[in-house]
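Chemist: Spelled out from the first residue to the last, the chains are:
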Amino acid sequence: MSYVFNKEIECMPIEEKKVLQGKRLRDVVERVYNTVAPYRAKMDEIGLKPEDINSIDDIVKLPFTTKTDLRANYPFGMFSAPMDDIVRIHASSGTTGKLTVVGLTQRDLDDWSEACARGFAACGVTKQSIIHIAYGYGLFTGGLGAHYGGEFMGATVVPASSGNTNRQIMLMKDFKADTLCCTPSYAVYLADELRKMGLTPQDLSLKQGFFGAEPWTEEMRKKIEEGLGLKAYDIYGLSEITGPGVATECEYQCGPHVQDDLFYPEIIDPVTLQPVKEGEEGELVFTTLNKQGIPLIRYRTRDLCSLIYEPCKCGRTSLRLARITGRSDDMLIIRGVNVFPSQIESVLIKDKRISPYYHITIDRINNLDIMQIDVELDRGVAFDEVQEIEILKKKLTADIASAIGVTAKVNLVSAGSIKRSEGKAVYVTDNRKI
Amino acid sequence: MLVNQIAVFLENRSGRVAEFSRVLKEADINIQVMSIADTMEYGILRAVTDDNKKAIEVLRANGFNTAATDLVGFKVQDTPGEMCKVLEVLEGHGINIAYLYSFARAGEDYAVILLKVDDNQNAMKILAENGINLIEDNIL
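Protein chains in written order, with numbering that gives the first Met the number 0: chain D, 0 to 433; chain S, 0 to 139.
Hints were generated in silico from the structure; no laboratory data involved.
Please note: incorrect hints may appear among the correct ones.
Said to hold, decoys possible - With a straight-line Cα cutoff of 20 Å, these simulated SDA-like cross-link-like pairs (lysine to any residue) come out:
| no. | chain 1 | residue 1 | chain 2 | residue 2 |
| --- | --- | --- | --- | --- |
| 1 | D | 22 | D | 12 |
| 2 | D | 408 | S | 38 |
| 3 | D | 392 | S | 97 |
| 4 | D | 351 | S | 62 |
| 5 | D | 408 | S | 39 |
| 6 | D | 393 | S | 39 |
| 7 | D | 394 | S | 38 |
| 8 | D | 394 | S | 39 |
| 9 | D | 392 | S | 12 |
| 10 | D | 351 | D | 392 |
| 11 | D | 418 | S | 15 |
| 12 | D | 418 | S | 11 |
| 13 | D | 418 | S | 12 |
Predicted model, so just to flag it, every value in this text is computed and none were measured.
So here's chain S without its partners, still in its complex pose (with noise of 0.2 Å):
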């Protein structure tokens, strides 16, 4: 189902990154994954947290310019080609995917990976009438 996402606009500027961990660490925030989209100029962190109201909240107060997004999640087998098949059943119904990041726990025998596309519940629908294992809202 739907995970929620804050994504935090970072100027290129050396110690950003540590400015961004160091306000989340301050308001004891937990960082469950995060991934981050480097350009020449400037950057987009994309992260998920234990609790990104207040997070949004402390890094809007520390000068972040932070989006929340809801994005689309589901588990797949960690093993080679199952990405791959969930993709082709999106590209078969012409679902345009802005970007995509996954992770896999160790130890674990699935992978996570969330997906930002213009029209979530039609994705949701898709996925879930082609067999695809939603995960349950903003469980990791």
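With the rest of the complex left out, here is chain D (with noise of 0.2 Å):
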């Protein structure tokens, strides 16, 4: 067995766990309700006072929060700490273009830090390791998340962000890195451009490497592993929670290791919002125990999937995420990129020369998520030059592009040519295999 980072967090006995749990839920749930005016509405309103949480199992009395919970208070509504101890701002897109912002205090970063740290070494990386960190840095949590887990166990770490393939690869290669951070997908593009330039995985030194922010399948494991001659592992985040490393899997690949003591899991169902048998799959609910900065009781992440309670071989106690094979809103994840169809829509209803209905279709062609967007004319517009139809396009393009922050692939259509739906409309066909 691989190096325990934190032994007496990571392998506590259960009843032990729970205990810990409890504690740290009474005290997050009596910082929110004498800090966040939000909470403390919510839980006066169904007559819940902080002394009424005395154990771990008593979460389910408390109310959920949202996404639009954040919304609402946009931006620092829903902060706990003072502005003087939050030391780092986080955001990730929302559902109608506004930002879901999060406030870090110094104790946040090094619990986050450790969480990421915890799960690097449970998958072989030591203080001799060189970590490549191919996520953006910036408003996203993945680059800087990453980073700092890294540096804190005291690996060294190789800031190179996103882009320039050619680069990252040449960076790999002389600097010898063990460790590769990026999303699943660029793994694969980065394994076929490796092969493009004429090399092979022995010219890289990759051991091990940690792949999230968006779905993935095991199909898609097999394929990173052979083609850059590592291992890889699934790490789980959100920026809502905290970023990478909320869960990340050990050596035996068996499904991300919830960082439990920290951010605690449970699964319920999107629809009665009552807990499921255990086992079940359902909506993935998160509570932030030891958050300063905007700690989220019961966050409603919707993505869909199940715990895994059998222990792990690996010695640690944690509970495990079982693959996520959906959401239960309709965010779409592309290349890595969080996108809400309700953030097109608000581009498109803004030009009158077309109309609100529009269908989006996603690919995964050469391993790079691309994203068509049908719309469609106005009735009333029409066009006798090319040229026109192409200006029309490239600002459709340029507005879509700024708002969800990812390119698409304008198509335009002609009037009533987009099928219309009865009840929930069907405006997304997604062609990918996850």
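Grab the two chains, each in its own frame, and use the hints to assemble them into the complex.
Modeler: Here it is in structure tokens:
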């Protein structure tokens, strides 16, 4: 068994961990009740007091938190710590173009770094390791999260960020990185480019890689492992809870271990909002047990999956996540970026020349996500010159790219040609095999 | 003089041109001249019919995005170099042509050329001054 970063916590007997979780839950509920007005209002509404929370099992009494809550209190309204103590801001895209903003205190950053470090260590990363990080750096938590995790455990970090694939390969080759962090689709792309450059995995020194920020499959795992000559591990996270490292696989690759002393997972039925039976699939919900900046109580991730309760061969006692199988809302993940159809809608609705009807088609071509948006012309609009159409397409392409953060191919179609649906609109066809 | 043209947006889907002609057939409209500008993803069908007003009405009712545009039309001798002469005149006056198409009927010794320019009046004035044979309004 490889090195356990924090043996006391990671291998803590389950009953003992429950006590720790219960104590932390009571603490965090007390804090949000006293410092976050929206939480106080939610709890007062159902007559719940912090004193009613005495063990981790009492968590089911607490109200849920959603992305809508964060949006309604944009940007800092859900923060619990004063701005004096907030040292970092991160953000991800929201459903209407408004960002979901989080703030972290120094202790939050340390907890996050440790969560990442625990996952790295569980898969063979050591102080001698060189970690090549090809996640984007910025408001997105991928780059900086993995970065601080690597530094926290004393490894050497190469902050390559995203883009310029040839340079990425040169850096990995020359610096002899043994660890790679990036999105799984980019890892497959890197493997292809490596081959095109006439190189083989033996020209690199990679031993392990951590891939997350978008759903992937066992088939992709095989492809990445063969193409880059490493062992590929699943890392799960979301900025609202902290970022990468909320859960990371161990050397046995049997589902990410949740750092459940910090982030408590539940699975609920997204319709009834009741907890499902142990091991059943439903919506993943997280409570940040130790957070100060923006603690979230029962935050609905909208990711669908189940929890694995069987003890892991590695000796860690934490719960594990099964593969994410989908979403309980309409969020799409395109090249690692969260995209909501409503963001696209808000761009289309502003242009009088097009109708409100559209259809999104997503394919994965050469391991890159390609999004096409069929946009319907308004009945009264017509053109007799190709140039006019090209100008409209260019404008829509640019507006959509600036709204969602990824480029989509815009395809204009005649008025009335997009199928109208009765009831729930079906405006997405996802052809990716995930 | 001016020739009224209809232009239809065609997305890249099989059977669209056939649908277009079916709609006109059912309304008993005759197509006099037609051309298609195609790109990778869509096309624009341009046509002159014997009743553009009615054509636009029935096409729009059938979901075709249809535009009406006035083009400058003129006749030239159906012999080599005739079109070149006209284009040189326009070029000499800095007139930019967005698109152009032409046709010649069997048995006739002239061809008709239709062109789209920014300023129809100016283009017609220049053509007339240079002795180019403009056609009568909407008579092909």
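Chemist: Would the hint linking residue 394/D and residue 39/S be met if the CA-CA limit is 20 Å?
Modeler: holds, 18 Å
Chemist: Can you confirm whether the C-alpha distance between residue 22/D and residue 12/D stays at or below 20 Å?
Modeler: Given that 20 Å is the threshold and the Cα spacing comes to 16 Å, the pair holds.
Chemist: Take the C-alpha atoms of residue 392/D and residue 12/S, compute the straight-line distance between them, and say whether it is at most 20 Å.
Modeler: Holds: residue 392/D and residue 12/S sit about 18 Å apart, inside 20 Å.
Chemist: Mind checking the alpha carbons of residue 408/D and residue 39/S for me, to see if they're no more than 20 Å apart?
Modeler: Judged against 20 Å, a Cα distance of about 13 Å means the pair holds.
Chemist: What's the verdict on residue 418/D and residue 11/S, does the C-alpha distance respect the 20 Å limit or exceed it?
Modeler: Judged against 20 Å, a Cα distance of about 16 Å means the pair holds.
Chemist: Starting from residue 392/D, check that the Cα of residue 97/S is at most 20 Å away, please.
Modeler: Since the Cα atoms of residue 392/D and residue 97/S sit roughly 19 Å apart, the hinted pair holds (cutoff 20 Å).
Chemist: CA of residue 418/D to CA of residue 12/S, is that 20 Å or under?
Modeler: holds, 14 Å
Chemist: Hey, residue 418/D versus residue 15/S, does the alpha-carbon distance stay inside 20 Å?
Modeler: holds, 16 Å
Chemist: Could you grab the alpha-carbon distance between residue 408/D and residue 38/S and see if it respects the 20 Å cut-off?
Modeler: The hint holds at about 15 Å.
Chemist: Take a quick look at whether residue 351/D and residue 62/S sit within 20 Å of each other, Cα to Cα.
Modeler: Status holds; Cα separation ~17 Å.
Chemist: Quick one, are residue 393/D and residue 39/S close enough, alpha carbons at most 20 Å?
Modeler: holds, 15 Å
Chemist: Checking one constraint from the list: CA of residue 351/D to CA of residue 392/D, max 20 Å. Satisfied?
Modeler: It holds: about 14 Å lies between the C-alpha atoms, which stays within 20 Å.
Hint check: no violations occur; every hint is consistent with the structure.
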